[in-house]
Amino acid sequence: MFDSFNQTPFLHTAITIGSFLILAIGLVGALTKKNLFKIFISFAIAETALFIYFIGMHFEVGKVAPILTDKVTQFSTNMVDPVPQAMILTTIVIAIAVLALSLSFIINYFKLTNNMEVDKMDELGEDR
Amino acid sequence: MSLKKDIKLHSLSVSLVVSVMTILLLSIFLNFSLVSDSLGVQILSLNADETATANAVTSVVTYFRGFDTLGEVTILFLSIFGIGLGLDGYREKLNIFAFENQLIKIAVDILFPLIILFGFYIIIHGHLSPGGGFQGGVVIASGFLLMFLAKNDDFSLNHKIISIAEALSGAGFILLGLLGLLLADRFLGNFLPLGSIGSLFSGGVIPLIYIFVGIKVSAEITALIEYFIRIKDV
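Residue numbers (the numbering used here), protein chains in the order written: chain A, 1 to 128; chain B, 129 to 362.
Same shape as in the complex, but just chain B (with noise of 0.2 Å):
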C-alpha cells in the first residue's frame, strides 16, 4: 500500500469520526431549553433595590461580578504590556499608513474632540443605557487612530501621559473596592448612596468604576495601536 493511500484513508476516517461527534453534539444542543428559574432572573429581583441601575448588564460587570472584571482589566494590561516589550523601538519605526490626504487632515480638527466626547459620554452613562467602559473606551481609542492616520508621523502619544492615567485609573479601581471592604461588606462593595433609578448620580460605585475602567480601556487600547501602526523601518 503507498503512501498517498493510507493518507487518504487516515483523513477519511478522522472526517467521518468528526461529523459523527457533530451530529451527536448538535442533537444535544438542539435540546436546549431555558430555565425559568436562573441566576439572572434572580439578578433581576435583586436590581431594582441593592444597585438602583437601569442598566442590568453594567451592574452584572460591575457589582455582582466586579472581581471578574478587575481580573479581566489585568489580563487586558498584561497583554499590552507583553506586546510593548516584544514591539520593542517603536518610535524610531515609521507609521506604516503614511498617506497624505488635505480632507482628512482638515476633518479631523472638528472630529476628534467630537469622537472623544462621545467617548466620554458613553463610559458615563454605562449605567443608564447600553455601552460602559469597554465600549467607551475603544471609541476614544478610534479617535486616536483617526488621528494616526490623518497626521501619520507628525503625531505620536505622549508615553509619561498615557502611563499616568493608565497606573491611576487602575489604582482607583483597587482603592474603590478596599473602601468597599473596609466602609461595607465585600470588596467593591457599595459604599455610597444609591440615588434614583434613571438618574445620572445613581447606582453608588458603579458609575466610579465604569469611569475608571474606560480610562484604563482608552490609555491601553490607544497604547496598543500606536504599537501596531509604528512598524515599518526608516
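Bound conformation, chain A alone (with noise of 0.2 Å):
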C-alpha cells in the first residue's frame, strides 16, 4: 500500500510543495509581523524551506548517505550527491551569522529608542 508514496517522483513533488508552503509561511510572517524579532525570525524560517529544497530534491529512493561504513564499502553511483549538502552545511553557518548580527541590531535599537515595531518607527523623519 505505501509502496506507492515511496517512489521518487512523489518524494520530489510532496518536497517541492512543502518547501513551498514553508517559504510562504515565513514570508506571509515577515510581510504582516509588526514586530522586528518576529521578522527576522520569520526570515529565518523561510531560509529552512531553502535547505529542505536543496537536501530533498537531492534525494532518490534507493540510495545511501555518502559516508563508507561496515555495509558499504566503496564509493559508487549508489550514493547521493554530496555537493548539495556541502553547500547548504555552508549556508546554515552563514545564515546563523546573519540571523545573530540582526538580532543584535534590534536589540541595540530597542535600546536607543525603546521601540520594536515597524510602524513606528520614524527615526529618518517621515510623517506619520
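Wrong hints could be hidden among the right ones.
[Unchecked claim] Here are the simulated BS3-like cross-link-like pairs (lysine-lysine), alpha carbons at most 30 Å apart as the crow flies: (1) Lys360/B x Lys233/B; (2) Lys111/A x Lys279/B; (3) Lys360/B x Lys34/A; (4) Lys38/A x Lys136/B; (5) Lys120/A x Lys136/B; (6) Lys120/A x Lys360/B; (7) Lys360/B x Lys33/A; (8) Lys33/A x Lys279/B; (9) Lys233/B x Lys221/B; (10) Lys33/A x Lys111/A; (11) Lys34/A x Lys111/A; (12) Lys221/B x Lys279/B; (13) Lys38/A x Lys120/A; (14) Lys136/B x Lys34/A; (15) Lys136/B x Lys233/B; (16) Lys288/B x Lys111/A; (17) Lys33/A x Lys120/A; (18) Lys279/B x Lys233/B; (19) Lys111/A x Lys136/B; (20) Lys279/B x Lys120/A; (21) Lys221/B x Lys34/A; (22) Lys63/A x Lys120/A; (23) Lys288/B x Lys38/A; (24) Lys38/A x Lys360/B; (25) Lys288/B x Lys233/B; (26) Lys288/B x Lys120/A; (27) Lys360/B x Lys288/B; (28) Lys120/A x Lys34/A.
These are calculated hints, taken from the structure and not from any lab test.
Hints in hand, dock the two standalone chains.
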C-alpha cells in the first residue's frame, strides 16, 4: 500500500510543495508582523525552506548517504550527491551568523529608542 | 472612489499576480530531474583515491571547496565581532536566565566534561562519520550554555583564552593552506600521507582543517552565547 508513496517522483513533489508552503509561511510572517524580532525569525523560517528543498531534491529512493560504513564499503553511483549537502552546511552557518547579527542590531535599536514596532519607526524623519 | 477600495483592489491584484507566478514556478520545479553525470558523481569517483576520507561531504567541505570554508569561517568571525562591538559593556550586565535550581547545579559538574568530550569526539571523527567541525563546535558551545544556565552570575568566560584560541585556530587554518601551496599543488592542498580509508589517521590534512574549524566555531559560538545571555541591566 505504501509502495506508491515511496517513489522518487512522489517524494520530490511532496518536498517541492512542502518547501513552498514553508517559504510562504515565512514570507507572510515577515510581511504581516509588526515586531522586529518576529520579522527576522520569519526570515529564518523562510530560509529553512531552501535547506529542505536542496537536500530533499537530491535524494532518490534506494540511494544511501555518501559515507562509508561496515555495510557500504565503496564509493559508487548508488550514493547521494555530496555537493548540495556541503553547500547547505555552508548556508546554515552563514544563516546563523546573519541572524545573530541582525538580532543584535534589534537589541541595540531597542536600547536606543525603546521601540520594537515597525509602524512606530520614525528616526529618518518620515511623517506618519 | 474611496481610499479603502483602492487598497483592496491593489492587494487583490498583487495576490493574483503572486499566485500565478507561484503556480508557474511550481510547474518548473516539479519537472526537476537529476542528471546522472553531475559534479557529485565525479567527486565520489575521485574521493577514494585523492582524499581517502570515509565521509564524502567532509572532503567536499574541507578539500574540494576548502577555500569556501575559509570564507564561511571569516563571515562567522566578522558577524560575532560586529555583535561584540554593538553589545558593549556586557560584562557588567546580568544573566537573563538567572534562576536557582540545585538539580542543574549538581548535574552540571558531571555533564559539562562529558558534553565537551562528546563535542571533541564529533570534531575529531568528522572525516569518518556524520559530524565535523561546525557540528562539534556547536555541541561544545551548548555545554557552555548549560554552565551559564546552572551557575548564572558566578560563571563568566575568560575572554583572553577564547580570543587566543580563536586567533590561533584561524591562523592555523591559513598556515595549513599556505603549506599546501608551498609543498603541494594548490592552496589547502594535501601534503600529508593519506593513510587507509576508515582509520582515524587518514585523509591527509582534512582532519587537521576540521579540528581548527571546530575550535574556532566553538570559541565563536560560546562568545555569542555570552553576548546574548548578559543583556539585563543591573
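Inset, instruction - Starting from the hint list further up, note which numbers the structure goes against and sort them upward. - result: 8, 15, 19, 20, 22, 23 and 26
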